[in-house]
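Protein sequences appear in the order of chains A and B. Heads up: the first sequence begins at 29 in our numbering, then just goes up one per residue. Heads up: the second sequence begins at 176 in our numbering, then just goes up one per residue.
What the hints contain is simulated information worked out from the structure, not anything from laboratory work. Treat the hints with caution; some may be incorrect.
With a straight-line cut-off of 25 Å between C-alpha atoms, the simulated DMTMM-like cross-links for lysine to aspartate or glutamate are [unchecked claim]:
(1) K279/B to D146/A
(2) K240/B to E213/B
(3) K349/B to E217/A
(4) K349/B to D172/A
(5) K229/B to E213/B
(6) K349/B to E133/A
(7) K349/B to E284/A
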Amino acid sequence: MGIVADIERSLARQRARQRDDAVPELRTSTLTHVVWAPPRWLAKAQATLAGLHERHPARTIFLIPEQGRLDRVAASATVHDFAVGDGREVLSEVIEIRLRGRPAEHPASLVLPLLISDLPAYCRWRGEPPWDGSALEDIVGVCDRFVVDSAEWSRPERGYRRLMSLFDEIAVSDLAFRRTLGWRARLAELWPGIRRARELRVAGPQADAALLAGWLQSRLRREITLRSTRAARVERVTVDGLRVGRPAGGAPGGPELLSAELDVLARDRVSEAAVRTAARSASA
Amino acid sequence: VAESIGIERRAGFYESAGAIRDIFQNHMLQLLALIAMEPPTDFASDSVRNEKVKVLRALHTPGPKSVVRGQYGRGWVEGVEVPSYREEPGVAPDSSTDTYIAAKLYVDNWRWADTPFYLRAGKRLAKRETTIAIQFQRAPHPPFESMAEESLRPNVLLIHVQPDEGVSLAIGAKVPGAGMQIRTVHMDFLYGGSFRQGLPEAYERLILDAMLGDATLFTREDEVEEQWKLVDAIVGAWRRDTPVFPNYAAGTWGPAAADELLHRDGRSWRRH
């Protein structure tokens with residue numbers, strides 16, 4: 029028996045145990061959620077997942093590439109149950125696979141047999157993907173949507189060009205773009221006054237600022253100069269000296285951001301245009 | 176019928192059999208017959224086998240282009256690098272034995288005329304799984320199509336033969352909320368989840384039936400002959416050319432030609 033059979037058997041055993049508590053159980057999955065999480069990202073990825081279960085019952089597969097030359101694959105699987113009201117419970121399956129050596133370059137061989145049939149597979153890639161590595165190519169080949177947060181990259185503007193090259197292979201989401209939604213709505217309210225905007229100033233993360241500018245340029249179809257200052261989150265936006273009102277409500281957290289992307293199935297052409305424009309501006 | 180294992184030291188047998196004789200000729204054609212047969216008048220062995228043989232007599236493949244053969248090359252299965260078929264102990268380095276077969280078949284009778292049956296089986300595929308998928312016809316006018324973000328998929332009844340025996344219905348459900356999004360969801364019934372007693376091993380049941388004299392699950396001579404007629408016709412066509420092997424990497428879902436077989440009909444293999 030291989031590692032996949034061990035995982036499936038362990039999950040089946042735990043599901044059977046969960047049934048014994050006589051609480052009606054919904055084994056409902058809407059997707060397979062693959063998370064590429066190097067050890068330094070793992071705790072954050074697990075925290076995000078904890079906030080996702082109820083809205084997106086899924087089979088989650090954590091792929092954890094570890095340092096080391098010797099080939100090694102180790103896996104564990106757990107079933108979590110979550111009360112969803114009316115005395116019902118939803119079961120979510122979480123599989124953790126630690127990969128060392130060459131198996132870390134061939135993750136699809138473990139993901140493919142664990143995907144839930146017919147359902148979409150989303151990959152949340154933590155940190156910056158190794159653009160030329162076979163692990164990325166492998167994952168792109170077996171998933172339907174690739175979710176990154178370019179704010180996690182050391183030089184986002186350099187990564188956008190590589191991200192663009194995936195657009196025709198897989199639907200792509202950037203959480204940094206999703207984070208700017210409130211500010212984009214505020215900017216859109218300034219129409220038609222911003223029709224001939226020339227300069228955008230953003231105090232915020234480099235990625236958020238670049239994508240906000242990329243979005244505005246691609247929507248207005250005109251060159252706009254971006255001047256940004258670093259901040260942990262977007263705090264201030266001005267267009268041609270005019271301060272843009274702060275969006276209502278607080279900034280969405282990690283689970284909310286990811287959850288919103290997991291609702292999207294098709295390609296996001298607006299987001300793609302923003303990334304393309306950000307990449308072009310960076311190389312100009 | 177997908178297997179993730181290789182030939183497991185059975186090179187002597189496998190080199191002369193290939194996937195078509197090892198699995199297609201018997202297991203797959205029997206599953207097809209069970210799915211396509213009319214309900215028997217009772218559950219007596221001859222009543223069941225009479226219905227199966229009618230299906231097998233009506234079987235045909237529309238031509239050599241409707242059958243794809245393959246042989247695995249090196250690849251990765253469950254995180255382990257595995258050799259190509261030709262590198263397995265006891266296999267000829269230039270072997271042209273098929274480790275994969277995909278075929279489009281028709282059952283020429285009143286019920287199934289013009290309904291394609293797509294079969295595929297292979298060694299060293301991505302996972303071990305035997306499933307029968309019955310895809311329902313598209314509704315004549317699907318009102319949601321223009322609103323669905325992904326192309327609206329037909330509903331599918333799935334009969335899981337192994338490893339988790341059961342039945343699922345894959346249906347398009349509206350995603351809750353104000354917008355109109357349709358997403359495929361599953362309703363699952365698994366034997367292991369609904370019954371406490373374990374299922375008997377396949378041979379356990381057959382040996383018991385043999386002792387009881389119940390031949391229902393055994394293939395009758397005329398069924399076997401009909402199955403071989405189809406297989407001989409396919410193998411005869413294969414003898415006329417030399418395949419370019421290997422043509423799929425271990426750990427994948429088979430050769431690209433098998434995907435093209437369905438794409439030509441505007442379809443695709445079920446996603447696993």
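Inset, instruction - Run the structure past the numbered hints and jot down the numbers of the failing ones, going up. - result: 2, 3, 6
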